[in-house]
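Chemist: Please model the entire structure based on the sequences and the hints provided.
Sequence lines, in order, name chains V and A. Here numbering that gives the first Met the number 0 is used: the first residue of the first sequence is 0, the next is one more, and so on. Here numbering that gives the first Met the number 0 is used: the first residue of the second sequence is 0, the next is one more, and so on.
No lab work stands behind these hints, which were simulated from the structure alone. Do not take every clue at face value.
Said to hold, decoys possible - Derived SDA-like pairs (lysine to any residue); straight-line CA-CA distance at most 20 Å:
#: 1; chain 1: V; residue 1: LYS327; chain 2: A; residue 2: PHE37
#: 2; chain 1: V; residue 1: LYS327; chain 2: A; residue 2: PRO164
#: 3; chain 1: V; residue 1: LYS327; chain 2: A; residue 2: VAL94
To be verified - If you only want the chain V side, here are some residues facing chain A, beta carbon under 8 Å, derived:
#: 4; residue: VAL126
#: 5; residue: VAL132
#: 6; residue: VAL135
#: 7; residue: GLY136
#: 8; residue: ILE173
#: 9; residue: PRO192
#: 10; residue: GLN196
#: 11; residue: SER255
#: 12; residue: TYR330
For each residue, glycine too, the CB sits at the ideal point set by N, CA and C.
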Amino acid sequence: MATAKETRHAALGLEPDRLLTMYRQMVLARAVDRRMWVLNRQGKAPFVISGQGHEAIQVAAASCMRPGIDWLCPYYRDLPFCLALGMTALEFMLAVFAKADDPNSGARQMPSHFGSDRLRIITSSSVVGTQVVHAVGVAYASKMRGLDEVSVTCIGDGGTSQGDWHESMNWAGIHKLPFICIVQDNDYAISVPHRLQMGVDTVARRAEGYGVAGEAVDGGDLLASYEAMQRAVERARAGQGATLISAKVARFTSHSSDDDQRRYRPQAELEALLRRDPIERFRNYLLDEGVLLEADDERIQQECTADVDEAVTAAEAAESPRPEDLLKHVYADG
Amino acid sequence: MAEKTLLQGIREALGEEMERDERVWVLGEDVGKKGGVFLVTEGLYDRFGEARVLDTPLAESSIVGVAIGAAMNGTLPVAEIQFADFIHPAFDQIVSEAARIRYRSNGDFSCPLVIRAPFGGGVHGGLYHSQSVEAYYAHVPGLKVVIPSTPEDAKGLLKSSIRDPDPVMFFEHKKTYRLIKGEVPDGDYATPLGKAAVRREGASLSCFAWGLMAHYCMQAAEELEADGVSVEVIDLRTLKPLDKETILASVRKTARALVVYEDNLTGGFGAEVAAIIAQEAFEHLDAPVVRVAAPDVPAMPFNKPQEDAFMPSPERIAAEMRKLAAY
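Modeler: What follows is the structure in structure tokens.
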């Protein structure tokens with residue numbers, strides 16, 4: 000029985016070590032993400048799309064998964080998710096610099112179009128919503144083959160307007176698939192606000208209509224996100240079906256390096272966003288609980304910065320793809 | 000060896016492949032208990048069960064998208080789109096996704112799936128049950144496009160398609176399903192993709208076609224035989240990869256080329272065949288390359304007079320052959 004003194008993390012069965020691992024993953028993701036923007040301004044990274052503000056739900060979700068067993072069909076804001084599953088800062092920076100050894104796509108795709116066969120992160124396109132259907136197919140195959148695998152996919156609030164999204168949720172409900180769709184609802188699809196995207200406050204309300212479980216969660220709260228994801232994973236693995244998680248998050252950056260959100264978001268709204276920093280919130284929790292000491296935090300920050308420095312140096316020096324490889328991998332035989 | 004319909008050839012290939020390899024499964028609208036609207040998958044539900052002969056929701060994009068996901072997780076899906084006319088909602092999943100999985104992952108992921116769809120007209124299907132859609136997909140690197148015209152090929156080419164490591168569009172002319180009968184070898188055989196079939200040797204001109212039009216060209220060629228004009232008829236069988244060698248070798252021999260297709264004239268796949276001949280066999284030609292195709296109207300009308308006027312007929316093909324031979 001829980002006592003009044005039991006901490007939120009203890010109630011979730013989370014040990015301090017795991018909390019610190021997740022904290023470090025969030026800090027590293029933020030450091031990598033921020034560096035991308037610096038590289039963009041330096042003219043070294045032609046394109047940036049960001050996950051800043053989305054770290055808590057992504058890292059929490061990844062920590063409930065078994066990398067290399069469970070599957071992720073990601074979307075373009077899933078840098079923290081992919082790093083938490085085991086992608087390295089260098090592997091990502093190779094994509095940012097468009098280098099030949101980029102494991103995501105050999106630099107064929109823009110950065111943040113994640114893919115890794117090693118980590119079962121399925122290659123994704125730029126067409127919003129297509130990945131959700133693939134995640135359903137993956138889950139159907141797992142079920143058909145009797146494999147204990149969970150298929151997770153992510154999408155933004157705008158993506159839920161796509162037909163592919165609706166078709167996918169319908170399938171997931173019909174077949175009670177081991178499938179989890181995480182909607183990272185940051186209130187904007189580029190510039191289009193939530194109120195013009197859907198007639199409900201949270202897309203999780205639609206879960207019942209598809210015959211799946213619905214969870215509306217504060218995606219900036221790591222522990223709340225963990226709790227919702229853990230429940231969804233248990234449901235999937237127990238054969239009880241799919242879950243739609245709607246996670247409210249803050250989009251700190253413009254849509255991409257080709258956008259300026261000051262054109263369509265009021266200054267006061269942008270300032271208020273900063274009070275919703277998921278990393279700040281988790282850091283305060285850890286400090287309050289004595290899990291993290293100021294000195295440790297400083298060390299973690301420095302180590303993550305060093306990781307990024309090292310990744311940038313190595314990626315910048317790496318080989319570019321060769322023009323003659325343009326024709327490779329169209330078909331299996333060439 | 001027994002005489003069977005083209006439809007039976009397809010059904011046999013599906014059953015044998017599902018028997019041989021438990022990774023193979025089929026999905027689509029009405030493919031289960033009903034056995035498909037044309038009964039191509041008849042009997043498979045009873046043999047292999049619901050999980051492997053899956054009736055899907057009425058949503059084409061998800062039929063293909065689910066097949067793509069399942070193909071990346073160790074299975075070999077054969078997705079049926081009920082009519083090629085209804086494939087367009089899945090265009091994005093086929094073109095942006097299936098065709099590019101291997102390329103965009105730099106070879107790390109692949110997408111071994113088959114998408115079957117009945118196409119073509121002459122069955123009073125109207126605008127939305129008659130279309131030829133092969134040109135859209137033959138344009139797309141990463142896809143293969145296969146169109147059988149005989150029962151033997153239907154079985155052998157479908158087996159090759161299912162065993163192929165890349166996504167294959169497998170278009171079946173619905174008028175040939177029961178109209179075309181022929182010997183089908185018993186048991187296992189696979190007809191290689193990328194090889195055209197010389198259906199009839201000839202010296203006066205070369206005629207290239209696929210699907211139902213391959214049969215119409217044969218009828219026209221027989222008619223011309225009586226006039227002493229010897230027509231070579233080549234059934235392309237796979238538009239992608241295309242057997243350019245067989246096409247060019249035939250034109251170098253006859254010096255005249257006729258390309259016949261049921262799709263609209265402009266931008267139909269026959270235009271590509273004509274361009275290849277013009278570019279790579281120009282000095283062997285004694286006459287312009289001629290295309291016989293449907294007119295550039297949106298699609299085939301339901302009423303018989305206009306349907307007949309839309310479809311290239313054996314008579315029209317024969318007339319074009321005569322003109323070309325006399326050029």
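Chemist: Taking the hints in turn, state whether each one holds.
Modeler: Cross-check of the supplied hints:
1. LYS327/V - PHE37/A: 39 Å, violated
2. LYS327/V - PRO164/A: 15 Å, holds
3. LYS327/V - VAL94/A: OK: LYS327/V and VAL94/A at ~18 Å, within 20 Å.
4. VAL126: Result: holds, 5 Å to nearest chain A Cβ.
5. VAL132: At 3 Å from the nearest chain A Cβ, VAL132/V passes the 8 Å test, so the hint holds.
6. VAL135: Result: holds, 5 Å to nearest chain A Cβ.
7. GLY136: With Cβ-Cβ at 2 Å, under 8 Å, it holds.
8. ILE173: 7 Å, holds
9. PRO192: Where the cut-off is 8 Å and the nearest Cβ of chain A is about 26 Å from PRO192/V, the hint is violated.
10. GLN196: Hint violated; GLN196/V Cβ to chain A Cβ min 20 Å, cut 8 Å.
11. SER255: 19 Å, violated
12. TYR330: 5 Å, holds
Hints 1, 9, 10 and 11 from the list above are not met by this structure, while the remaining hints are.
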